[in-house]
Amino acid sequence: MSIDPNAPLTNEQLIKLHSLMVQGRVLEERLIQMYKQGDGYFWIGGPGEEAFNVPLGMLIHKGQGPEFDYLHFHYRQSATLLAMGADPVDALRQMKNTATDPYSGGRNFGGHPSIRKWNIVPVASTIETQYTMAPGTAMAQKRHGGRGITIVTGGDAGTAEGDFATCLVWSSRPMEPLPVLMIVTNNKWGISTAAAPQHGEKNVADRGRAFGIECKTIDGNDPEVAWREIASAMEYVRTTRRPFLLESIVSRLYGHSSASGANPVTDEADCLKGFEARLEARKILTREQMDSLRQKFTDELQLAHRRVREEPQPDGKTIYDHVFQTRDLVRGG
Amino acid sequence: MSIDPNAPLTNEQLIKLHSLMVQGRVLEERLIQMYKQGDGYFWIGGPGEEAFNVPLGMLIHKGQGPEFDYLHFHYRQSATLLAMGADPVDALRQMKNTATDPYSGGRNFGGHPSIRKWNIVPVASTIETQYTMAPGTAMAQKRHGGRGITIVTGGDAGTAEGDFATCLVWSSRPMEPLPVLMIVTNNKWGISTAAAPQHGEKNVADRGRAFGIECKTIDGNDPEVAWREIASAMEYVRTTRRPFLLESIVSRLYGHSSASGANPVTDEADCLKGFEARLEARKILTREQMDSLRQKFTDELQLAHRRVREEPQPDGKTIYDHVFQTRDLVRGG
Amino acid sequence: MSSMIQAVRMALHVAEERHGVTDIFGEDVGPPLGGAFTATQGLKRAWNSPLDERGIVGTSIGLGLAGCRNVAEIQFCDYAFNTIDLLKLGGMMSWASHGDWNCPITIMTPVGSGIRGSIYHSHSFDATATHIHGWKIAMPSNPKDAYALLLSCIVDPNPCMFLIPKALMRSRAAPGEEIPGIDVDDRGLSKLIDAPLGDRSKWTPQWPDTPDLFIPVGEAATVRKGRDLTVVSYGRTLPLCVKAADSLAAEGIEAEVIDLRWLAPYDWERIKESVKRTGRALFVNEDTEITNFGEHLARRTTEEFFYELLAPPKVLAGAAIPGIGLADNLEMASVPQLPSITQAMRDLAASKP
Amino acid sequence: MSSMIQAVRMALHVAEERHGVTDIFGEDVGPPLGGAFTATQGLKRAWNSPLDERGIVGTSIGLGLAGCRNVAEIQFCDYAFNTIDLLKLGGMMSWASHGDWNCPITIMTPVGSGIRGSIYHSHSFDATATHIHGWKIAMPSNPKDAYALLLSCIVDPNPCMFLIPKALMRSRAAPGEEIPGIDVDDRGLSKLIDAPLGDRSKWTPQWPDTPDLFIPVGEAATVRKGRDLTVVSYGRTLPLCVKAADSLAAEGIEAEVIDLRWLAPYDWERIKESVKRTGRALFVNEDTEITNFGEHLARRTTEEFFYELLAPPKVLAGAAIPGIGLADNLEMASVPQLPSITQAMRDLAASKP
Ligand SMILES: Cc1ncc(C[n+]2csc(CCOP(=O)(O)OP(=O)(O)O)c2C)c(N)n1
Ligand SMILES: Cc1ncc(C[n+]2csc(CCOP(=O)(O)OP(=O)(O)O)c2C)c(N)n1
Ligand SMILES: [Mg+2]
Ligand SMILES: [Mg+2]
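Taken in sequence, the protein lines are chains A, B, C and D. The numbering used here puts the first residue of the first sequence at 1011, with every later residue one more than the last. The numbering used here puts the first residue of the second sequence at 1011, with every later residue one more than the last. The numbering used here puts the first residue of the third sequence at 108, with every later residue one more than the last. The numbering used here puts the first residue of the fourth sequence at 108, with every later residue one more than the last.
Listed next, the stretches of chain A that the computed footprint assigns to chain B, with coverage defined by at least 3 CB atoms under 8 Å from CB atoms of chain B:
#: 1; segment: 1183-1194
#: 2; segment: 1197-1209
A few chain B residues facing chain A, derived, Cβ under 8 Å:
#: 3; residue: 1170
#: 4; residue: 1172
#: 5; residue: 1173
#: 6; residue: 1182
#: 7; residue: 1183
#: 8; residue: 1185
#: 9; residue: 1207
#: 10; residue: 1210
#: 11; residue: 1219
#: 12; residue: 1220
#: 13; residue: 1221
Derived by calculation from the structure, the hints in this document are not laboratory data. In this text, all values refer to a predicted model and were calculated from it rather than measured experimentally. All residues carry an ideal CB built from backbone N, CA and C; glycine is no exception.
All chains, please: the whole structure from these sequences, using the hints.
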């Protein structure tokens, strides 16, 4: 089923988009609180990227195997997962490294999901390595036929790693161009390092041009723009089976991670505020409706936090579990 | 001392250029013969690249320390070394891995020189790693001031390694652009792999554009073009202290290396033939002069081969020598 | 008698025909060359990758995650040292996802010395590989094992490394150790499956009908029985150990030789049984000797049955230097050779408690 | 009492002021942050690199070849695994050029567990590093050693690795073990050299006048004398070994504890003298236990003085799994902790020949 990128979003879609953005923001705030209350050792996530990450999740063709989209995410994708229908409580579980954490059984940091039934490959902390793996899943999809594509996300600073170039090289080979949507969420920072003095490129996306890769830099703070541009890039990749490099300018509203304090910043645009003002002006939602929605999510997650706190921790004896698989899970599915 | 790239070469210069090209070719032919006669385990070199490599060597500002050019070469640079004034017999010594091999004491393959007094850093077999080190020497030069630049060479296929991108990124940082002349000698092959199906870029040099790096693709089979373009790129780097990416289209006249037989190919342009025809037409040299020049070099190297064959082999007991240095050789100089 | 490289090629053929291998790729793996050592000539699924080892390992993992069983080659293991992080990630797909994923891939790479490969074509990879957990690691010492180990790697649902000793590429199967189904002589086999020199575009191989052979993961082989000492080795040094043992029989020394074959997981039971019986253990490999896999085996031997040992377990390995020098004398002095192996066995047999 | 991270920072200050260090760089090493662990705050020569470890190591080597003594940081050693080939090349500049070049660089990186770093911020690097020949490798267990070892690395003409145990970053010097020249208390020192929270653009550190301290390359320290067994360790596990030894004294067990400090080259004479005297050796580190540096030390111990040993040398190391899990129980079970170290020492002391 193909989506017309240029069809304006219906009110219903806008309301859903907004609701997911709010839920995404509230989830991150809860995760930060968990960290600050000692219910987790480390927080990293995507508050400020909801306007891009939610449309992305809504547009992903979700499922298992090559006819669906393969997803090579990094650690700021919680709102995308919500938009795909993930249970936010699972994010809390990984934050609290409980035995019930479905993503890693309490092994990995929060924000590092793995969901095979949705083709979400295990998120790793190693910056940019996902870009070396994306060509592999895309190759499988190219051969399989259909509309499934590979989507890989990462930050701006990370593009300095050779792995970003690897993805450009491998997806644009004349002998087998690949259906990869390469996404760079550019928040103009790598931890404490400002982008400007480090990047000779005007736009990161320009790096695609030499390879004949379609590329575009967009305002990722506007969810309607993001929807349109993601949908259009996806449609290009789904139909031409060729790569697209999409750079999205986003904000980083709580700094890099808990390592830098996880405190709100005031000098960056908040995509949610902007969107809410527009929804109000367009009379699609009232302030009260939005406030009560936020309150509802906040209450739900506060309760969930309490529950998760009581869930069991993994047993030290399990450290050797799953070093090897006995069955082939990824074939046949 | 600066060179006017556009000043036509004098006859004297053309004769010198030609002589070095011939000597370079004869040297490679001798090295191949050594391999074929069992006087060496492996041959790799640059026959077919003389029209580019000789002018490069002639234009290099040779010496030790940051006021001179730092050279991060790969394994096809023998003609460049000759043009810089290296003794061709040393190439034979490394080919025969004698104890007298001044480049590595019989440890490394032929074509892998190291000459500290000329800033030639040890050539390694690892494709493209030299591009990660070039920014370091260039940084030292930027700070030191003067006209010294860093020159790094490599092949076309190797640009697929992330290390090539590393050099683009590091030399074009707005906070500290670097005086690096990045050279890609494009012979359209990586061992047996043809370039066309693997490269989405029309020209490898186009990859510099996104970074605001000056770049150019030139005909490396014409020594006068090569002279002019190298001189002009060098002048740019020497004076602006910014990077330049120069791609030179060259031929590979004896295949990849001895691993692929080291036999002459017939379907690639021979830069020496083309140049000699021109010199003859312009009445700068006669066929006889050129033939006797070639004969002279051939005879010299044949004699040298016989001598080198008798030089001692390294002793097995020396394998631990030089693992560590006791003195700091590179500082102070 | 097939050579090891022919055995590898035949295994890959069987794997693409019968075991669903979708991709065999790497630098110069596809036509026209079919691999720096001819391992991949004539295979349907073989293709040339860009010159980028990180892309090769990453793409292999990606294909694996998408359910495509594949074999990726690193042209020389010397060129895998820029991919250790990716190998670590590949090895932890199952573990880090708490069993949600697996990654059915095989990374194949030539290892070790023996062809005057100089500094950057002589490295070993066993020390590095065995320190990357989550991989199964196989290393053959003869053509038939190469065939069976590679097939075993390919059908395993986990990431596997297949390390091919460069020095043994052209070694031939011993009599009685031929892969079944090959009913031609060496020349005949070569005609069937070795690509001709020159233009190969019209050539197609004629594959002999070889069966599935597997070696259970973790199963070593005792290739020579003996009572006086136990020698554990693999790859290039294994045939040298056998040769040394045979020659020492004339001196009345009977060495047992175990071909480990799988470095991870490895056959501890077999080592244990043998060393407890002989009381003497020598571990031979050619990787450099500081932080070496043989040192692991030696320390476990010491820790677990110290009081049953008649002599200190010994490790014979490569010299701890940055690389292997090109000149003959240098290579010979850098890694174990027949004389040093023989001497180490003799010394160990002679050492009295 | 300075913390280890303050000691590192002061050493870097001394190095840039008095030993010609031209560059201290890496991800987030320069202003405003001054390092993920604050190691590089307030230094004149510190600058932020692109997020590219291969570029960091390559540039460090390049600077070194141009005669610029420099210190490059890999933010976590976990992110050095894509640079092993470059580390190998750096380590062979002298050897491969037959002594023509040297490369006076220091790569500094935090290692190990202890801060709930989960899978990719808990790796050890000692097994990997000691298998890369041509590097000198130091690893401190206390602030004063950190200061002196780092300065020793920096002035050495060879490439050096300085591995900083994450778990000990904030540990403080023991009484009497302070770096000379610091005549203020902890708060006072913090005021002088720790950057303030918030805007730092106008802050400049007030460096105490600390002297040059060096530890000869390859010199370990015997930090506790004992007659019953020898414990050799380094980094995070060293203070735990001392603590365990102190507690075992109550049981009548007197353990000698050696802090290796230099992993390459290492102080074999000291280990030898001690183990020959005690007859019992325990090697403790937290890298994973297959192909582990402690296994090298153990096998050498066994090989060289088997007949003088009263018990099998033992290695206590990390579990052979792909990473360290985040949850407390997982991390505790994955790497040696005080109870397992104490028990290993007790068992070794008790084992009778
Ligand atoms: C290979 C690697 N190097 C370093 C790090 C440490 N690190 C974690 S996040 C980060 C900055 C990433 O910046 P960017 O790519 O812009 O993504 P952002 O966090 O800004 O979204 C760094 C250096 C890492 N995780 N992996
Ligand atoms: C890192 C690395 N990978 C693989 C190789 C093996 N190898 C040697 S030369 C070569 C091809 C190089 O092609 P190109 O970069 O175009 O240079 P050319 O030889 O054509 O001049 C390969 C794959 C290597 N030496 N280093
Ligand atoms: Mg960023
Ligand atoms: Mg080429």
